[in-house]
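Now for the letters of each chain:
There are 2 protein chains.
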Amino acid sequence: MAIGPLAGVRIVEVSAFVAVPLGAMTLAQLGAEVIRIDPVGGNIDFSRWPVTGAGDSIYWASLNKGKRSVTLDLKSPEGQAIASSLIASAGIVVTNLPARGWLSYERLTAAREDLIMLSLTGNPDGSPAVDYTVNASSGFPAVTGRGGEPVNHVLPAWDVIAALYVATGILSAEYVRSRTGAGQHVTLALSDVMLATVGNLGYIAEVQTNGRSRGPLGNSIYGAYGQDFETADGRRIMVVAISNRQWHALCSATGLTEKLAMIGPMLEVDLETEAGRFAAREAITAVLRPWFASRPASEILAALASGRVLHGLYQTFEQLVREDPRCSIDNPMFSTVVQPGLGDILAPRIPLAYSVSSVPSAMPAPVLGADTASVLGEIADLQEQVGERR
Amino acid sequence: MAIGPLAGVRIVEVSAFVAVPLGAMTLAQLGAEVIRIDPVGGNIDFSRWPVTGAGDSIYWASLNKGKRSVTLDLKSPEGQAIASSLIASAGIVVTNLPARGWLSYERLTAAREDLIMLSLTGNPDGSPAVDYTVNASSGFPAVTGRGGEPVNHVLPAWDVIAALYVATGILSAEYVRSRTGAGQHVTLALSDVMLATVGNLGYIAEVQTNGRSRGPLGNSIYGAYGQDFETADGRRIMVVAISNRQWHALCSATGLTEKLAMIGPMLEVDLETEAGRFAAREAITAVLRPWFASRPASEILAALASGRVLHGLYQTFEQLVREDPRCSIDNPMFSTVVQPGLGDILAPRIPLAYSVSSVPSAMPAPVLGADTASVLGEIADLQEQVGERR
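Sequences listed follow chains A and B, in order. So in the numbering used here, spot 237 of the first sequence is number 234, and the numbers just go up one at a time. So in the numbering used here, spot 277 of the second sequence is number 274, and the numbers just go up one at a time.
Careful, some of the hints might be misleading.
[What the hints assert, rightly or not] The following residues of chain B were derived to be distant from chain A, with all beta-carbon distances above 12 Å: (1) R97; (2) A154; (3) I167.
[Claimed, not checked] Facing chain A, according to a computed beta carbon distance under 8 Å, are these residues of chain B, among others: (4) A(-1); (5) L3; (6) I158; (7) V173; (8) V195; (9) G220; (10) T282; (11) V284; (12) L285; (13) W288; (14) S291; (15) P293; (16) S295; (17) V353; (18) S355.
[What the hints assert, rightly or not] Computed footprint of chain A on chain B, listed as stretches where at least three residues anywhere in the stretch have a Cβ under 8 Å from a Cβ of chain A: (19) 53 to 59; (20) 247 to 255.
Note that these hints are calculated values from the structure, not bench results. Even for Gly, the Cβ is constructed at its ideal location relative to N, Cα and C.
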């Protein structure tokens, strides 16, 4: 019994790597039935690292949870014909393959006039680009860290953002189709995702208006006060004070209100403004640092929490998994799934919660090709029914 | 005349900062009419940096493009009543304020039974968290850069990802309402966005399965070959070879096929596999580095492009704006808008393109409060019509 806001929606995915698989998985997490079609033996991402000791891809298992898996010989006319029938039957297809040949929008709409197709490319002209190459051009590596040489992010942020644009693109096209009956081809380029984001966050207008952008600031926050501190026991904590309330909370919780107030007259800045605190950030950090350096993290965290100071404890992935209660089945977003090849793993459902629509709990990724027979059987039944009605 | 897939949809936003404003702006970029309600004088983000010399916020202007702006005294019962009427009339509200008092889902649904409301919080329990604090806990800063101390990302990735979950949440709830008539309260926590993403990318399962996660790798790509190189003229270029095709392209384009092939027997690795290239990455980089270091960027870029090697030129924000043709009106995603206080700026529309639905070109952000009278007039007319029909 299908549950979730998108229960009843059927989507075919022909793709690899992060953006399209994660976009389609997002729709699966909302209750859509997502059928991923791969070549026999798996697509190019099937063994992508990290892998288990036995070579099973943790990456692939994590990005394909809750999908059905069909394998076909996509180089043969027969395999392409079956894939086309599946797409026509589902009515929605998402892909990062070039939209040409059997996978062209024209050929696919011959079998399903109101098809919704979403194609992701690297650049808008179809030339390749991936998260790492798009990120280099974005401007962000040049201001990440302390400067000198560019620092790449490790979070594949552009891929994840693109994935959610994929979900948004499909849902908005479905909104149109449900009202007008018209399907359409939706296109998205990873480089445009980057450029739109850089623009939406003001970096383009900043250069055009002020002639330059901000430089690297290490872990300081631009235009407000925010800094990381080492504790007596070697942990690190990020502290943030953007609003005046947050600033006063930080002053109070550390008991340093009087000393911090000396900075205003000393540097002739108004510490009751974000700009003033940003200008005085080094002095503020100098006053705060000994307080953090002389206390263990546990004591600091308790003081910051009870004083309602915005803060975050730095964690490694290991610490996140082993020590953060938000990353456990105590968080209703998570459940334990039995993943073939991996064993019991903690897996998230969609982070959205709905007061009326239930959302499916996390499900394991399929075994490659496990649903081929059943899905093809359903298609055959469907075609037989259509034939009988004629 | 409204255009875009969401033409005819009306949304009220009561929020500040990045995630909810960007989520609502995404829906505006798809054609929805978005009315942002702020306190008189602006919300807490109205002067957020970067600012122009005259103090106009480039940040605010960039995150509120194409919205209508209404200012109300939200602390007075009158202002709250007007805001409630606006929300009831629109039928959709997005907020990062606590859903209580006049803004509680219960009070708002008294005036509009099928209301869709989306509330974003920091943590699921309603306690505060922002991109910077959530990021500290995520595990990514610990593996960004070369190790030693954590490196914060500068791209507010969690906020941007959350924004697109906001758009996805609204569209999926609208999908349900259009079929069943039922509105609902959708909730989302920034910390869950981070945790879900860390899980979707396999980092949680990696710790659980292998007992540990990967360490910092500088600008190298994990589990494949990817590295940045300095050119003779002081630029940097990111080069990526994940697939075998990409690897052979890199060998050919640099003319170093034979030398690179010596690495396999030398290190006893199979360079025809991603894992082998990852294991041999230092030797590969050592062979490639002189080729890059002895040529200017222009020559390298031409060779990599004609050889179909995946690559990205590192750029500062200034270089992106001034030198990258993708970041100009030659890219149909961009147009020049006249932004009050900022002047002519290059602004993106939504990065999605639709074969049937037109999408609105970029529009400037409103002047704060500029639409108050017209929007309240429309509400008054609407209420009068409802009264006459009774």
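So, going through the hints one by one against the coordinates:
no.: 1; hint: R97; in the structure: 15 Å, holds
no.: 2; hint: A154; in the structure: 4 Å, violated
no.: 3; hint: I167; in the structure: 9 Å, violated
no.: 4; hint: A(-1); in the structure: 13 Å, violated
no.: 5; hint: L3; in the structure: 6 Å, holds
no.: 6; hint: I158; in the structure: 6 Å, holds
no.: 7; hint: V173; in the structure: 5 Å, holds
no.: 8; hint: V195; in the structure: 7 Å, holds
no.: 9; hint: G220; in the structure: 3 Å, holds
no.: 10; hint: T282; in the structure: 14 Å, violated
no.: 11; hint: V284; in the structure: 20 Å, violated
no.: 12; hint: L285; in the structure: 16 Å, violated
no.: 13; hint: W288; in the structure: 18 Å, violated
no.: 14; hint: S291; in the structure: 19 Å, violated
no.: 15; hint: P293; in the structure: 17 Å, violated
no.: 16; hint: S295; in the structure: 15 Å, violated
no.: 17; hint: V353; in the structure: 4 Å, holds
no.: 18; hint: S355; in the structure: 11 Å, violated
no.: 19; hint: 53 to 59; in the structure: holds (count 4)
no.: 20; hint: 247 to 255; in the structure: violated (count 0)
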